[in-house]
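As you go down the protein sequences, you meet chains A, B and C in turn. Residue 216 in UniProt numbering is what sits at position 216 of the first sequence, and the numbering runs on without skipping anything. Residue 60 in UniProt numbering is what sits at position 60 of the second sequence, and the numbering runs on without skipping anything. Residue 285 in UniProt numbering is what sits at position 285 of the third sequence, and the numbering runs on without skipping anything.
Worth flagging that the hints you see were computed from the coordinates, not collected in a lab. There's no promise every hint is true.
[Said to hold, decoys possible] Think about it this way: if two alpha-carbon atoms lie no more than 25 angstroms apart in a straight line, the pair counts; the simulated DSS-like pairs of lysine-lysine are:
(1) A:126 <-> B:8
(2) A:127 <-> B:8
(3) A:127 <-> C:120
(4) A:126 <-> C:120
(5) A:158 <-> A:201
(6) A:142 <-> A:158
(7) A:133 <-> C:211
(8) A:126 <-> A:145
(9) A:18 <-> C:8
(10) A:131 <-> C:211
(11) A:126 <-> C:155
(12) C:67 <-> A:126
[Said to hold, decoys possible] A few chain C residues facing chain B, derived, Cβ under 7 angstroms:
(13) 26
(14) 42
(15) 160
Glycine included, C-beta positions come from ideal geometry on N, C-alpha and C.
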Amino acid sequence: MKTYSLTENYIHKFDSTKTTIGLATEDLQVFYGDYHAMYDGNLQFPKHAITAMIGASGSGKSTFLRCLNRMNDDIATVQGKIFYQGIDINASNINVYEMRKHVGMVFQRPNPFAKSIFQNIAYPLKKAGIKNKTELKQRVEKSLKQAALWDEVKDDLKRSALALSGGQQQRLCIARALAMNPDVLLLDEPASALDPISTGKLEQALHDLQQQYTIIMVTHSMQQASRISDYTAFFHMGHVIEFDRTENIFTKPHIQATEDYISGNFG
Amino acid sequence: MNAKRMDKLATAIIGILVGIVVLILISLIGYILVTGIPHISWHFLTSPSQAFLEGGGIGDQLFNSFYLLILTLLISFPIALGAGIYLFEYAPKNWVTNTIRVAIEVLSSLPSVVVGLFGFLLFVVQFKLGFSILSGAIALTFFNLPLLTRSIENSLAAVPKLQREAGLALGFSRWQTILGVIFPEALPGILTAIILSAGRIFGEAAALIYTAGQSAPMLNYANWNPFSPTSPLNPMRPAETLAVHIWKINSEGIMPDASAVSAGASAVLILAVLIFNFSARWAGNRIYRKVTASK
Amino acid sequence: MKNLDEIKRQLTKSSKATRQDRYGRIIAFICTFIIGLLVAAIFYLVASRGLATFFENHVSAWDFFTKQDWNPGQVSKNGTPEVGALPMIVGSFSVTVLSALLATPFAIAMALFMTEIAPKRGQKILQPVIELLVGIPSVVYGFVGLTIVVPVVRKLVGGTGFGILAGTIVLFIMVLPTITSMYVDSLRSVPRFYREASLALGATRWQTIYKVVLRASVPGLLTAIIFGMARAFGEALAVQMVIGNASLLPHNLISPASTLTSVLTTGMGNTVMGTLPNNALWSLALILLLMSLAFNLIVRLIGRKGRLTK
Chain A
1 MKTYSLTENY IHKFDSTKTT IGLATEDLQV FYGDYHAMYD GNLQFPKHAI
51 TAMIGASGSG KSTFLRCLNR MNDDIATVQG KIFYQGIDIN ASNINVYEMR
101 KHVGMVFQRP NPFAKSIFQN IAYPLKKAGI KNKTELKQRV EKSLKQAALW
151 DEVKDDLKRS ALALSGGQQQ RLCIARALAM NPDVLLLDEP ASALDPISTG
201 KLEQALHDLQ QQYTIIMVTH SMQQASRISD YTAFFHMGHV IEFDRTENIF
251 TKPHIQATED YISGNFG
Chain B
1 MNAKRMDKLA TAIIGILVGI VVLILISLIG YILVTGIPHI SWHFLTSPSQ
51 AFLEGGGIGD QLFNSFYLLI LTLLISFPIA LGAGIYLFEY APKNWVTNTI
101 RVAIEVLSSL PSVVVGLFGF LLFVVQFKLG FSILSGAIAL TFFNLPLLTR
151 SIENSLAAVP KLQREAGLAL GFSRWQTILG VIFPEALPGI LTAIILSAGR
201 IFGEAAALIY TAGQSAPMLN YANWNPFSPT SPLNPMRPAE TLAVHIWKIN
251 SEGIMPDASA VSAGASAVLI LAVLIFNFSA RWAGNRIYRK VTASK
Chain C
1 MKNLDEIKRQ LTKSSKATRQ DRYGRIIAFI CTFIIGLLVA AIFYLVASRG
51 LATFFENHVS AWDFFTKQDW NPGQVSKNGT PEVGALPMIV GSFSVTVLSA
101 LLATPFAIAM ALFMTEIAPK RGQKILQPVI ELLVGIPSVV YGFVGLTIVV
151 PVVRKLVGGT GFGILAGTIV LFIMVLPTIT SMYVDSLRSV PRFYREASLA
201 LGATRWQTIY KVVLRASVPG LLTAIIFGMA RAFGEALAVQ MVIGNASLLP
251 HNLISPASTL TSVLTTGMGN TVMGTLPNNA LWSLALILLL MSLAFNLIVR
301 LIGRKGRLTK
């Protein structure tokens, strides 16, 4: 296995007067006990764009993603800052539960609740204080449409979500996250458990969503990253090696490690 | 002897031993049912017991057993649920948690007679509750808590971690996630645990002899005022349960039909436990299907 | 668009959810703490009563554990009360050890049948058998012991029928499901490939069981037996009904004897709180408590050792 320099990197910086940043990290470090899993991650995620995070398994990309809405709080020590709307949401005085309504997340495996399709979306809304039935119905419909699932389930909203196919379940999870009206949507390898057709539908849905959200997704598929993302970050051994526009990453990367990884000569 | 014949011999021996155990169980249950069921009649199930005469029933004892069971579950379930939730969701990994876990384990292995005597000392004597249904229910709660807590924790832990993350990622607090997401999915397991513990409570006698007492005062089933001493609902009256009754008449019973009464009562007890066991399985499956709404 | 200050306020102030979480956590902790407190209270109260025999009534602990005469209400010829608990201690240990010894081969056979010989059919038939055996209340075991075991022992072996032998037989059936189900769990945790490796080398099924599976599961078997013994040691009513309840040192298996639990159940109602006869009973309860703790400890030690050798 080739060893690559971990300090050599290329991180594209945005001109803050031209691009709005949805989420940014500053010196993000993650420790699992004594194990240093993520080193000084400094990334800016532009609004209304999809950023893909690629890298081998164990490179720290999922760990990084899960820090962004503090899902790692219980299992790891996370140092550094995460800026959302100018607020450091990694600070201790942050109400994590409120924050997660702004920064939603969809997981690797579909995890709908053991409730009906309708309740999967309506239940969290009710918990967030929305009691009006018409509004609930509207938001369920809207989010299901956004996730490109509406046409498939509109006649059968009372059916158990567990009876849906894997791909439908995953889109339901996206709809559920969208219904909360987040600004940022985090996706952790959302298509890894899906077949190609479901993956296509999911990607289409994400493509339509990027107009309104800051989307950050981890993927192990480079094709997927090149198909739908505007920006790509390459992770290696807990370091961000390169971050740039996706076409640059795939056509003229600055760093040797990135080039080897995308051309398949890695390791 | 060669290996093949050894293999056959060993298998045969194992088969014989297993056969003996199955035979023991069948004859045990068969004996109780065959000798007991002929004594079961409507009169037997509803009339009060007799101390010296023939023809006594088990009506009061049966009522006491159920009343005590319900009270015990009412007290122990909320505590066990709270403890199960704490241990599963909140408990930090430190020595306090460890100590409590060990304590629960120790409690679950304490002889029920010791738990009963503790209840006697603290509630009957110290707090002056006397031999009463309440003392009995508290003693049974002690006896029931560790096992119920553990099975509730196990049922909660059996819900996939992903469900918890789903709730948290939507901005639920841990508490909301537990109550709204994890608990409904764990419900079939929890319900099974409760019904199984009901069977255990129903048959327990050692913890009750010195807490709920060994006497069954006359009850007036038309009197539903819980403060009246003859009311069946009065939690402060002594109450001999079915299991205690069986023990009592076999140790010191002087009525002429003692063995017939105990056979009948044993059969009722066994039937009740069988019903609890079967309904635990049936209810677990059914609720699971209902909760997940799958067919 | 959302106002920035508004968002900042939302993100930093506590909400209904955080408050609920805090209360929920506190309530759940209190429930847990109650159980912990309960265990402490049991130990404290039983110990303070049980030790009173030695500290308040000045009974010599040596006499308590070695003398054979149990008559706490009376004073013996040399002026000291007769509180020799040896007969009960011997009685308790005899029924416990004997029933565990008797049950172990059956439990091993049951467990092997369920895991190695006929996993599907065995599970289907024997799992309900185990559950039923666990579910039968101990007074019912006592009743059956009284009406069947005692007369049979009397006829076949002699004596009154009451005694250690009858107690052992009743307890044997009661601890059998405990030992079996725990041992089944431990057999299931023996990795599949151990067996496959052995069978692939041409070993017969019995050779595989005997040389590989049984050996790998020895700590599990010991743990299961200890749990069974703990149950037998603490069982009260079923034993009390068939053992004869004579506080005499048992000379043989068919003479009436007594155990710690049987003396407790029959005696507690006939003594006055705070007197020596009563305190002496609490001392017996304390022994039961400590033995149950000891069984727990042994299980833990086996667990730790079992892990080290892996």
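Outcome of the hint check:
1. A:126 <-> B:8: violated, 65 angstroms
2. A:127 <-> B:8: violated, 64 angstroms
3. A:127 <-> C:120: violated, 45 angstroms
4. A:126 <-> C:120: violated, 46 angstroms
5. A:158 <-> A:201: Measuring from Cα to Cα gives roughly 23 angstroms; hence the hint holds.
6. A:142 <-> A:158: holds, 17 angstroms
7. A:133 <-> C:211: violated, 67 angstroms
8. A:126 <-> A:145: holds, 20 angstroms
9. A:18 <-> C:8: holds, 24 angstroms
10. A:131 <-> C:211: Given pair residue 131 of chain A, residue 211 of chain C is violated - Cα atoms ~66 angstroms apart, limit 25 angstroms.
11. A:126 <-> C:155: violated, 73 angstroms
12. C:67 <-> A:126: Violated - the C-alpha atoms of residue 126 of chain A and residue 67 of chain C are around 72 angstroms apart, more than 25 angstroms.
13. 26: violated, 10 angstroms
14. 42: For residue 42 of chain C, the interface hint holds, since the closest Cβ of chain B sits about 5 angstroms away, which is under 7 angstroms.
15. 160: violated, 16 angstroms
In this structure, the hints that do not hold are numbers 1, 2, 3, 4, 7, 10, 11, 12, 13, 15, in rising order.
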